[in-house]
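*Asks:* Please work from the sequences and hints to get the whole structure.
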Amino acid sequence: MIIYTTEVEDINSFYTLESLKEVYGIIWMLVPILTLVLGITIGVLVIVWLEREISAGIQQRIGPEYAGPLGILQALADGTKLLFKENILPSRGNTRLFSIGPAIAVISILLSFSVIPFSSRLILADLNIGIFLWIAISSIAPVGLLMSGYGSNNKYSFLGGLRAAAQSISYEIPLTLCVLSISLLSNSSSTVDIVEAQSKYGFWGWNLWRQPIGFIVFLISSLAECERLPFDLPEAEEELVAGYQTEYSGIKFGLFYVASYLNLLLSSLFVTVLYLGGWNISIPYVFAPELFEINKINGIIGTTIGIFITLAKTYLFLFISIATRWTLPRLRMDQLLNLGWKFLLPISLGNLLLTTSFQLLSL
Amino acid sequence: MILSILSSPALVSGLMVARAKNPVHSVLFPILVFRDTSSLLLLLGLDFSAMIFPVVHIGAIAVSFLFVVMMFHIQIAEIHEEVLRYLPVSGIIGLIFWWEMFFILDNETIPLLPTQRNTTSLRYTVYAVKVRSWTNLETLGNLLYTYYSVWFLVPSTIFKALSWGVSLLK
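Sequences listed follow chains F and Z, in order. Residues 1371 to 1733, numbered by the working numbering, are exactly what the first sequence covers, in order. Residues -2 to 167, numbered by the working numbering, are exactly what the second sequence covers, in order.
Think of the hints as simulated: they come from the structure by calculation, not from any bench. In this text, all values refer to a predicted model and were calculated from it rather than measured experimentally. Where hints are given, some of them may not hold.
[Claimed, not checked] Only some residues are given here: those of chain F computed to face chain Z with a beta carbon under 8 Å:
1. 1497
2. 1498
3. 1506
4. 1509
5. 1510
6. 1516
7. 1520
8. 1532
9. 1535
10. 1555
11. 1559
12. 1711
13. 1712
14. 1713
15. 1717
[Said to hold, decoys possible] Quick partial rundown of chain F residues pointing at chain Z, CB under 7 Å, derived from the structure:
16. 1502
17. 1512
18. 1539
Beta carbons are placed, not taken as given, at the ideal position from N, Cα and C, and that holds for glycine.
*Replies:* So this is what it looks like as structure tokens:
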């Protein structure tokens, strides 16, 4: 006869509150995730405010100024308004697909935040295939767009969804090839390794100088992936009446809105990590992180400085993309797809070949 | 436990591909299958292959199928479809397939029936891994570009011809 001792152990451990340690373990695992999500949400609020202020500056007007001081809480006000709007579901559309579509678009973006290093030890998941996780998960976003467009029971939404998905998958390939060239340079696909490979010569160690073509292709492709101008035909108000987002109202539309800015934040962070040297102070011959490793307090200061540097470099790309949005005209769909397949893809392939040949020559 | 959490939705979604009435649903279920298969590959420790799955299968294949299915006005199948009339022939084919799976899978390493298992499996530690462990990508490249380079180059020329043809077609 076998006595099942595991049940007895469970009762004992529950009695002596040992199971609390496991609960603590699970909660301790959730704390970094929730911190990251909180940080990202605040980042999105900041980007929305930035966009409105910068666009106001470009258009020589004053941006938001009523919601909170300097209009900082404008994004929160917009979100609250969208929350209180009626949640309309098209009567003969596919209700499940309609509801799940925006969720899939946001899920794929939020999952990719886990591989971004904000400072030398602040990364949620230091994977061996880190950067490739972003590429893989961003391939799921077109499915969400297709589902939103199809479930709306509206021909023009459907067309908009098809166009958005076509745009997404077209610009994935130059993006992947640029990322591949970067992994070649750093001998690793881990984002931490990529940043550390750029840390040697400060400013001159950036991958930006080693991959200038790749940088420009990455900029254009990531703008196209975010569906921001000049690539936002799927959601253009004049051409397609907001495309696949036409039938959405309330917080589901808010989800698309947030997804666009989340994607922008993600792309900017990846530009920082891949091309601009991540969290390193990029003044040559100043090895600040090592100076800060002496004791615990200095370590925390060093890590905080790393976060600020990452965010400052991210702001650079954010500014460029927001200024691009309010400067350049929109591309037509066939021009867009031509650019992706016939211009950026051969150039990124050539960039990969160049990088490979230089790596072979130097070894 | 996590194996069954991941593999059972894969099997159920695979079944639902054939059973779904709306053809769009039956192209969306393979996406669940691919996602679960990718996580199973992650459990096996094949991280690179697990990332290839979403890129290729979900991002390209499933999206292409979705494009086709969504654009053609396919009628939703009838509710009373009398599926049972397919049972004789499809039942025989299903049994043959099942027998083939048993034939291939039932050996010492992968036992299907819970007979008396000799659970003293050999476990040995590879200490070279602790010195310098190779990533999945490195192991693939070590073989693909050296010993199997012909296998690599021939499909790449086919792929090159196809992609040039597709992108130059106006």
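*Asks:* Against each hint, give a clear statement of whether it holds in the structure.
*Replies:* Okay, the hints, checked on the actual structure:
1. Given the 8 Å rule on beta carbons, the hint for residue 1497(F) holds: about 7 Å separates it from the nearest Cβ of chain Z.
2. With 8 Å as the threshold, the beta carbon of residue 1498(F) comes within range of chain Z, its nearest partner Cβ sitting at about 5 Å, so the hint holds.
3. Proximity of residue 1506(F) to chain Z holds as hinted, the smallest CB-CB distance being about 4 Å (cut-off 8 Å).
4. Because the closest C-beta pair between residue 1509(F) and chain Z is about 3 Å apart, less than 8 Å, the hint holds.
5. Hint on residue 1510(F) holds. Least Cβ distance to chain Z is approximately 6 Å, under the 8 Å limit.
6. Checking residue 1516(F) against chain Z by beta carbon gives a least distance of about 5 Å; that is within 8 Å, so the hint holds.
7. Interface restraint check for residue 1520(F): the shortest CB-CB distance to chain Z comes to about 5 Å, inside 8 Å, so the restraint holds.
8. Look at residue 1532(F): its Cβ gets to within about 7 Å of chain Z, closer than 8 Å, so that hint holds up.
9. Hint on residue 1535(F) holds. Least Cβ distance to chain Z is approximately 6 Å, under the 8 Å limit.
10. Interface restraint check for residue 1555(F): the shortest CB-CB distance to chain Z comes to about 14 Å, outside 8 Å, so the restraint is violated.
11. Taken as an interface hint, residue 1559(F) checks out: its beta carbon lies about 7 Å from the nearest beta carbon of chain Z, inside 8 Å.
12. With 8 Å as the threshold, the beta carbon of residue 1711(F) comes within range of chain Z, its nearest partner Cβ sitting at about 5 Å, so the hint holds.
13. Interface restraint check: residue 1712(F) against chain Z, minimum CB-CB distance 6 Å, threshold 8 Å, status holds.
14. For residue 1713(F), the interface hint is violated, since its Cβ never comes within 8 Å of a Cβ in chain Z; the closest pair sits about 10 Å apart.
15. With its C-beta approaching chain Z no nearer than about 13 Å, residue 1717(F) sits outside the 8 Å limit, and its interface hint is violated.
16. Of the supplied interface hints, the one on residue 1502(F) holds, with its beta-carbon coming within about 5 Å of a beta-carbon of chain Z, less than 7 Å.
17. Taking 7 Å as the C-beta contact cut-off toward chain Z, the hint placing residue 1512(F) at the interface holds, the least distance being around 5 Å.
18. A distance limit of 7 Å between C-beta atoms decides the matter here; for residue 1539(F) the minimum to chain Z is near 6 Å, and the interface restraint holds.
Hints 10, 14, 15, counting from the list given before, are not met by this structure.
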